[in-house]
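J.: Given next are the chains, with one letter for each unit.
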Amino acid sequence: MNPLIQVANLSKTFNRHRPDEMRALAGVSLQINQGEGLVLKGTSGSGKTTLLSLLGCMARPTSGSIHLEGRNIAKLPERFLTTIRRRTFGFIFQQFNLIRHLSVLDNVSLPLYPTSMRESEMRARARQTLERLNIGSKERTMVNKLSGGEQQRVAIARALINQPEIIIADEPTAHLDSHLSGELLDILAGLKEQGKTLVIATHDPEVYGHGLVDRIVAMRDGRIAEAG
Amino acid sequence: MIRHLKILEYALSSLCRRKFKNLAIIAVYAFTISTLASILFLTQALKIEAAKVLIEAPALVVQRLAGGRHDLVPTTYGDAIRALPGVGSVKPRVWGYYYDSINKSNYTLLGVEAGQTELELLEGRLPQRPGECAVGAGVAEAQVAGIGDDLLLIDADNMGRAYEITGLFRADSRLWSNDLIVFSTEEIRRFFAIPAGLATDLIVEIYNEREVVTVAKKIKRLFPDSRPITRNEILHTYETVFNWRSGMILTVFAAALAAFCILAWDKATGISGEEKQEIGILKAIGWDTADVLELKFWEGMAISLTSFVVGLLVAYIHVFMLGALALVPVLKGWSVLFPPFALTPYVDLYQIVVLAFLTVFPYVVCTVIPSWKTAITDPESVMRG
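Here the protein sequences come in this chain order: A and B. Mapping of the first sequence onto our numbering: position 120 corresponds to residue 124, and the numbering continues sequentially without gaps. Mapping of the second sequence onto our numbering: position 136 corresponds to residue 143, and the numbering continues sequentially without gaps.
Hints are not guaranteed to be accurate.
To be verified - Below 25 angstroms or equal to it, Euclidean Cα-Cα: the simulated BS3-like pairs (lysine-lysine) are:
| # | chain 1 | residue 1 | chain 2 | residue 2 |
| --- | --- | --- | --- | --- |
| 1 | B | LYS28 | B | LYS283 |
| 2 | B | LYS98 | A | LYS149 |
| 3 | B | LYS283 | B | LYS98 |
| 4 | B | LYS59 | B | LYS98 |
| 5 | B | LYS380 | A | LYS149 |
| 6 | B | LYS26 | B | LYS227 |
| 7 | B | LYS380 | A | LYS79 |
| 8 | B | LYS28 | A | LYS149 |
| 9 | B | LYS283 | B | LYS380 |
| 10 | B | LYS28 | B | LYS227 |
| 11 | B | LYS111 | B | LYS26 |
| 12 | B | LYS28 | B | LYS380 |
Think of the hints as simulated: they come from the structure by calculation, not from any bench. Only a predicted model underlies this, so the values are computations on that prediction, with no experimental measurement involved.
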């Protein structure tokens, strides 16, 4: 397998040089291969979400390197990180992070607003993505009127609209019942079959045993406890 | 271009999502702008009215002072003034103010000779005989009278006299002819009990406008009890008075303005948790810092421009259609005793631009700067929920 992401000696400290300084990651090294389904497991505060944030260019490491397709992105300026975020990653958040009082279609289209894509094309692509996730009939509904499972599907549709190579999911099943969790994992498995790379942070045992998972990395106190 | 339009579209839909909050801001903002614009419109319109009046006024008027009090001037002064170099004609003028206690209005009574006035009649003719008069539109409205009707006035002997209205005036500026009642010179002398050989003032025609001040000085030397008044002096007095009055209102209004600024600052700087979360989400899904700032810029522009346009429209209607109900008592001062008159609409583009710069620009800045602070922060906090 080709290494897609290589992380070396990655550290992240919050509130540096202040009394409430907190070291979230301490010298993490990891390799993620193309098309792999990787799960980061661990208790709350183990550093899973921080590692996802750094992998997804949503924060900068205090030290260490992150090579994405051979290029170190750890020190890139913000505008380059934004471009990488937009083109390479699709994010599925624990809290869904949809914009309330905005329709399903608008929420899914959001990543395409600051692009030169025509509005009609943008809407067509958003509809197509919603259809793939069997939620096309709800495109005009306000997201705050949807059930948890439906909101999660909208969040996935939004993550996929830019056709990203890597899907990053933070506790995607945390707010779903077991039936909806199963549906979500099947969707993610489908994406993996299409060649997407999945990086999932979770402490849900149901995820560990799913077929989409190739490797499980256990984290504890900001370090890799078990490489899998 | 498409990208900017889409961000603008998103900004407008974003404002609609918080419509009650934003409508409240627009209402307060528009009220502030309408008050400021009303003061500017009214001051400017009054100055323009005054300037129009003075275009028709003589370049130099000579009055006489007795113990510092305005007194009648002997018409014989005119002979000596006429002999000064550069002076064309000198005409005695007989006129005075008249207070109509029934309608609580001040009128200006003027004596003219038929064929020797530049006043234009809207209809009818100038008075030719004793017992006749012509009136301005304001007088006709106040008296509810027209051509052929009688106008009842109390003369210097405290006797009621009826005058038949023979004509109605028109002028570019209604301020000029609005409160005017014109009689023959013979009739007005009788009305005010002004003896022959005396006049209210003298109008001096001067060939070269640049010589007005020089001629005025010569007249003052010639007749130390005279008071020559140039047209520019009157114009300057009007402007000073109106500027001073508008300045007073603006000073009083400054407190309200300050309150608005605090409100705007509080609204703009106090980004809510929901707005911060939204910015974090947008950044996380691929919006650049510049995209977020553009979004906030459009939001600020939409609110401030809407408020600005609404405020200007309200001010225009208030000043030019409703007669500046709220401001006239302060700005026009004693002239409220005039019969009511409509101001000629006049909008100074320069003032509008300055007003826009002082209101729209700060609001947009107040909106963008705090968002910028949030937008440059890593979107990592969004991951944490």
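J.: Could you run down the list of hints and mark each one as holding or not?
T.: Structure-based check of all given hints:
| no. | hint | verdict |
| --- | --- | --- |
| 1 | B:LYS28 to B:LYS283 | holds, 17 angstroms |
| 2 | B:LYS98 to A:LYS149 | violated, 86 angstroms |
| 3 | B:LYS283 to B:LYS98 | violated, 77 angstroms |
| 4 | B:LYS59 to B:LYS98 | holds, 22 angstroms |
| 5 | B:LYS380 to A:LYS149 | violated, 32 angstroms |
| 6 | B:LYS26 to B:LYS227 | violated, 68 angstroms |
| 7 | B:LYS380 to A:LYS79 | holds, 21 angstroms |
| 8 | B:LYS28 to A:LYS149 | holds, 22 angstroms |
| 9 | B:LYS283 to B:LYS380 | holds, 10 angstroms |
| 10 | B:LYS28 to B:LYS227 | violated, 66 angstroms |
| 11 | B:LYS111 to B:LYS26 | violated, 48 angstroms |
| 12 | B:LYS28 to B:LYS380 | holds, 22 angstroms |
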